[in-house]
Structures are given as structure tokens and as C-alpha cells.
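Trainee: Which chain is which? The protein sequence lines are A and B, in order.
With our numbering as the guide, the letters of the first sequence map in order to residues 1005 to 1442.
With our numbering as the guide, the letters of the second sequence map in order to residues 1005 to 1442.
Quick caveat, the hints were computed from the structure, so don't treat them as lab data.
Bear in mind the structure is a predicted one, so any value in this text is a computation, not a measurement.
Don't take each hint at face value.
[Stated by the list, open to error] In silico lysine to any residue, SDA-like type, Cα no more than 25 Å apart, as pairs:
1. B:K1390 - A:D1137
2. A:K1394 - A:L1020
3. B:K1390 - A:I1141
4. B:K1320 - A:Q1073
5. B:K1157 - A:V1433
6. A:K1319 - B:K1156
7. B:K1156 - A:A1375
8. B:K1360 - A:D1140
9. A:K1320 - B:K1033
10. B:K1394 - A:D1078
11. A:K1360 - B:L1250
12. B:K1120 - A:E1270
13. B:K1441 - A:A1375
14. B:K1156 - A:R1374
15. B:K1067 - A:Q1073
16. B:K1394 - A:D1140
17. A:K1007 - B:D1310
18. A:K1232 - B:K1360
19. B:K1120 - B:L1250
20. A:K1157 - B:D1029
21. A:K1390 - B:E1006
22. B:K1033 - A:D1137
23. A:K1441 - B:D1219
24. B:K1387 - A:D1310
25. A:K1320 - B:E1006
26. B:K1033 - A:T1409
27. B:K1007 - A:T1048
28. B:K1157 - A:K1157
29. B:K1074 - A:E1018
30. B:K1033 - A:L1020
31. A:K1007 - B:K1195
32. A:K1074 - B:G1075
33. A:K1033 - B:L1026
34. B:K1033 - A:G1136
35. A:K1320 - B:T1009
36. A:K1441 - B:I1141
37. A:K1319 - B:A1397
38. B:K1157 - A:D1047
39. A:K1007 - B:Y1365
40. A:K1074 - B:E1018
Residues per chain, in single letters:
Protein chains: 2
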Amino acid sequence: MEKVTPRILPGFMELLPADQILFNDMYDKIREVYESFGFLPLDTPVIELSEVLLAKAGGETEKQIYRFQKGDNDLSLRFDLTVPLARYVAQHQNDLVFPFKRYQMSKVYRGERPQKGRFREFYQCDIDIIGGDDLDILYDAEMPAVIYHVFKKLGIGDFTIRINNRKVLGGFFASLGLSDKIEEILRIIDKIEKIGKDKVVEELVKIGVPEESTDKIIDFITITGDRKQMLESLRALGVEDESFVLGVNELETVSDAMVMFGMPEENFRIDLSIARGLDYYTGTVYETTINGHPEFGSVCSGGRYDNLTGYYTDKKLPGIGISIGLTRLFSQLRDNGLIAPKTGSMAKVLVIPMDKDVLPYAVQTANTFRANGIPSDVYYGTKGMKQKMKYAARMGVAYAAIIGTDEATNGVLALKDMNGEGGQKTLSVEEAIEILKN
Amino acid sequence: MEKVTPRILPGFMELLPADQILFNDMYDKIREVYESFGFLPLDTPVIELSEVLLAKAGGETEKQIYRFQKGDNDLSLRFDLTVPLARYVAQHQNDLVFPFKRYQMSKVYRGERPQKGRFREFYQCDIDIIGGDDLDILYDAEMPAVIYHVFKKLGIGDFTIRINNRKVLGGFFASLGLSDKIEEILRIIDKIEKIGKDKVVEELVKIGVPEESTDKIIDFITITGDRKQMLESLRALGVEDESFVLGVNELETVSDAMVMFGMPEENFRIDLSIARGLDYYTGTVYETTINGHPEFGSVCSGGRYDNLTGYYTDKKLPGIGISIGLTRLFSQLRDNGLIAPKTGSMAKVLVIPMDKDVLPYAVQTANTFRANGIPSDVYYGTKGMKQKMKYAARMGVAYAAIIGTDEATNGVLALKDMNGEGGQKTLSVEEAIEILKN
């Protein structure tokens, strides 16, 4: 038979079991924290009607969409989880309780040119809170509090959640007489970490920002200091624009609340250069960086939006959301040696019957292990003992429970520590359970 | 702004939160059992190259595929998890340890005409075991043992796992001189529960089975009896075909082992009418029915295959697999009232601060709850107490922890049982934790 080379598309992450276990462990930890804060699960379709999904899209986004025809339907694969959320909330608004807190941790699709660190299929782990009519500013502080617990639990090193407020930025640009250029300026300064100060100035000039204003913008977004100092510096500017004043107040309320929520000051700071490229943000915005790894970029971003559902419903549904790009984060952490698989086995113990006669006892032992919460595998092959032990070693299981005629007769087993440290001991099943439970 | 009607495609299941919690609970239970048997997680891409994914497909399957062009690539969405597994194993055979036990619980796509009980996007929950060169017949018994534990854990009522063996069927048809029609006959008799005996006979005649043989076939596949009786009846037929004899021996070994694995006899039986439509099965085959609900059809099916990876590699990789169609099963159970949501809340308790002054204490209380493993939500809105309690009631949370100035001052809280049974009690945080943990 002619063979087809088994392969996947570039830009798709597919893992070997040990890495997949590690990935799932991160996934499960994020989910656990999200649920501990009461976020409800959601699972929207991967395929949506293009008319619905792309109601708002355009430009760069639209080019990346996997879009196709099936029968009479013009279909698209979702490119994020935010637009499907907007559609879902608008569609089911009468059945939902607001504030509606939901998480979704699913794959999204972007047909980008594949390059290192860019994926065409990747997991986003989103939380959003949608208000019924309004949504208290304190929810803006709950978001980073959740993320703080997530990153603590992931245990992947120190991190900084950087917050800003779009009203502060917009208000400041307006005070420079640049009201008509706010969105363009936001998109340009959002790139400062990637392209540097000079390029930002260049691009600002290009869109018609006067040179004296570019200096002021750069000075502004590079103001540094601790939380209190930043707020003082902002107020000391004497900007009277209404949006600016409101934004500074929000920034103060949110950052004060973050402290109240138990976040250590070293894990967050106000950073006026955080703008976020997406145009639907209207207030608080977030980015998160792993300390010592600026090259990772932001690993968790989001913000406040006033009206995400405007394409689907007249009802105003303000919300706030934040998202972890898990596939990318995982691949960065792994490629930089910050995480590594601990095991390639899902079972804690491999039960090895030495011959067919002891099978019933071996199976019963494995069942007892499982009933005690210990994931257990049994080797049913008829190979020799050496082959069986080699299998246990290769699969990376922590323990082997070897059962021969003597063990079966006496109702015991020989528990072998596969890392060699504990050697091999003859134990009762109950004794083995105690060891395997740790 | 002109509005787009928010909606999804027919044939896609999207749930409200309470149903989604229920669905996830089933998903998690299946996953837990799969992992307890040592199956490794796998997560293959949704999009594959058509050349690779459709190496084997054809006919009905191919028509259902979501297939499209993106750039230079001819792409398809996976229609099951078995073909991607074959591709994965062939591709990574040098990095895997055999027998390779994996589970995958993911969405698959079939662009069928939507009808009740048929989905275009649905979860399959698969386990498969792939042998390196051979795979012991005992693994054929482990599959239903796993499924037995899954259905026990799901607690959705009595069920019967029905097993058969393709060699028995093929051997019997060969003994009737129908060697050249085996696959066609299998496909026809597989439909007997749907179309009935008469239609089966009609279709058999249509493909050229002599009338005397159709009677024999019907008599054969409707043999009944308990496990021992069935095996006796099969042997009493005196069929000498080699495949038949081997198949009967396999059926005996597998069913004996199922008893050894601890499966009660009432949860499985040999059923000679089980054929499975797919042509890659070569030995043991399974179907599972919920007792009293034949209209659900088989909720969990699978079988033994000798060479699934033949399109990708010369190495022979025999395996065995079984799959639960979770989306369909969930929708059937729900629509028939066999399952129902218990709660629409992910949080066990909603902490309600009566005013802004007690916020720090309220937040701290929620943090303490979470640190003790109790999912907790806090209401941050500024609405009146009546509104806050209404929110707690509507969200379906089991308890509300009400905190006013007195509670904050005294380091206590008023815990209200939202189901009304326990009323409202002033408790210390520690006392509340004890109650919430149950």
C-alpha cells in the first residue's frame, strides 16, 4: 500500500504524552482557580456563522480567519473567545443572571504565517464578567486577583501584573489636542516594548502628531514609581480633561482594591505604556509579564469594555475580561526550561503479574488500588519478566507491584520503587496503598 | 447600529451554565476513570491536512467532512479521534512506549443534515490501546471493564455492554460459502435493531445471499442465552471454519476475563447481532445500551483492529478502542429527564458585603473559604440588600454569607441556607467552613 507521510500542519502544537500531562496539569490548575472564584463554565461551538462571528471584525483579523462554505452556509472558525461570548450573552440574556461570570478554556484558530511562538491553533483561558446594566469598578480588581492566584498556583516564577486605564491615556492625548487620533496613538504606543521609543516617535509623527507632543507622550508613558507615586505624578500634571480625571480615580480605586484583595505590591504595578491594541477597551487594561523574561511578552492580558455586544443587541452589557494564552505560555516555558515533565505515566503503579495464574489476584489488586484513588495500570502481555520491567521503566511509572505465585498465595506484593531509592519490599496491599498515596 | 441576530448553526450543542456544569461533571467523571486505568492524555489538532486525514476515508464519511482551502493547503476538520490516533502513533512510534494506552476527549465534526440526536460538533471520549507488535487478548476485556466503571460512576442507570467477535461472524458467513460478501453482510446485520428482521433479509437477498442462507444468518444472530449457553450453542453448530473457531475461543477468553475483572454478569452479554459498521474491526466488538432505553442506540462502541495505521506506516500496530459519544448521550439523558442540573452556580457560597466599609473583611472571608477548597463568589455591586439576596437566589448558590458592620467587627458572618432548610445562623468563619465543606 502506498503510504501517506503522517504529519500535522506547521503552527499546530501536538505533544508527546509526558508534555501533554504537564500541559493538562497547567490547564487544570487554571480551571481550578477560575472555578474557585465562581466563574461558570462555557463551551461555545468552534464553528460559527461568518455573518455572526465577523459582525465586528475587519482588517488584519479577517485575513487570519479560517473561513469556508459548507452547503449554503458561510462559516468561520472562532479566532478568540470574546466575540462568541458577546454573541452568547446577547443571545441568552434573558436566561442569564447578571453579573454573569464565565470562564472558557478552549482552542481558537488563526491562519497566521507560522513563526516561532505563533500558533494557528491555541488555547485561550478566558474569564469575563458581564454586568446587566452596570458593573462595579471593584470587578476590575477581582480580575487581577484571580490571575494572581493562577500564577501563584502555576508556580512558574515571579510575575508582574501591569495595569493602566484607557481613560487616562485618552484623556491625556485629548489634553494635547489629539482627540481625533486617540485610537491610532494607542495602537502605536502599545508596541513600545517591541519596537522601542524611537520607532514609536517616528510612527506618531507619521500620523500627524506634532513633535512637541510626541515628547510629551513619551515622557508620559514612561513615568515610573510605585503605585502611590504614580498616582501623585499623574495628578501633578494638572490635566483637567474629564476622562483623564475619571481614569486616574479609577486607577486609584482599582489598585487600592488589588491591595485589599490580598495581592502583594511586588506582583503588580501601574504602567502607563500599557495600551492594548484592541479597540473595544474603554477603561482598566492589564498585561502580565514573567519577571526576567520580557521576551515572552504579555502572557495574560485584558481589560474593561463598555459595549462588546453592540453588534447583536441594544441592551448595554458592560464587562471586563482577561485571558491567558496557554499554548504559547506553555511552549515558552518549556522551551526555556522553566517547566519540564515529571512523568510520562498517568498511572502511579504498574501491576505486573508474573504469569497467567496470578492474573485474578493482580487484577483485584489493581482494582483495590483504584478504589483507593491510586491510578493503576496492569501489564497483560505474556513477555518475560525482563521485558515487563523494561516496559515499567520506559513508561516512567513511579512504582511496580510485582506479583508471583508466592505473593498471590500470601496476599502480598513486591513493591519496587522504580526510581531505585526505596528498593523492593514485600508488602500487604494495605501497606502498599499507604506508600502509593504519597 | 444595525444588529446581527445572535445565533449558532443547527446541529451544534451550546448549553446554559447549569447544563454546562452538569455536562462537565460527566466529562470529568469519564476522564477520572480513564486516568485511573493509566490511559495517557492526547490532544491532536482539530484541523489536519486532508491528504493525511482522508487517506482512508471515502463514500459517506467524505461527504460529511468540513473540508476547505487555506492558502496552499487542503484542510479538513477531524471527523473522529481514531484516524488522528493512527496518524499520531505512526508519526511518533519511536517516541512512544507500547502498549500505548491513550484517552482523548475532544470535539469532532461531521457536516451531516441536522436532525434530532445528530450533532455536527460533538465530543467523543475515546480510549485505545495500541500494541507494539502484538496486543494480548486480555486488553479486549480491559476495555469493557473501564467502561463498566465509567457508567457506574456516571450513575445514569443500568446498562448492558454487549460483546461479539467479527471472526465468529465472518467465519460463520464463510462456512455458508459467503466469503466474498462478509463486509456487506456485516453492514446489513448491523442495522437489525433499526430496520428489523424482514428488512435485513430483504437487503441480504438484494446482495445475492441465497434465501436458505438468510434464514441461517437470522437464526444465528438471534441466538440467545447466558454467556456459557451462547458459547455452547456456537460450538454445537459444528462450524469448522478456522476463523470461526478462533473467534469463539476469543469470545470465551474475553468474556471469562470480564468476569475476572470484576464485572457483574448482569452488565454484559454476548450478542451475535453486534457487527459494527466500520470495516477496520477484526475481532472483539462492543456496543453499550442503557437498559430500558433501546431508542438511545449504542452509547459506547468499539472493537479490536489489527492494522489501523497501514496507510501511514509499514509497522503493524494492532489495537483496541472504545468510544463514548458524550454530546449525544448527554442530550438523550437530559431530554428524557434521566439527568437534571443540580445547580446553576459554580460557587458554593456567595459572600455579600452589606456596605463598602465591610469589603476588606468580606474579601478576606472569601479568600479564606477558597484557601479551604470552597469555591466562593463575592457580590461587589452597590445595590440594596433585597437586590443582593435576589441575585443570590437567582444564581442558585447553596449559601449566602452576609456580612454587615456587626459581623465584620465581631469576626463572624451570617450564613444563610438558600434552600431555606437551615435558615440563617451567625457563625465564625471556621464554623461556616465546616458547613460549607459538606
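Trainee: Does the structure break any of the earlier hints, and which numbers would those be?
Mentor: Of the numbered hints, 4, 6, 9, 10, 12, 19, 21, 22, 23, 26, 28, 31, 34, 36 and 39 do not hold.
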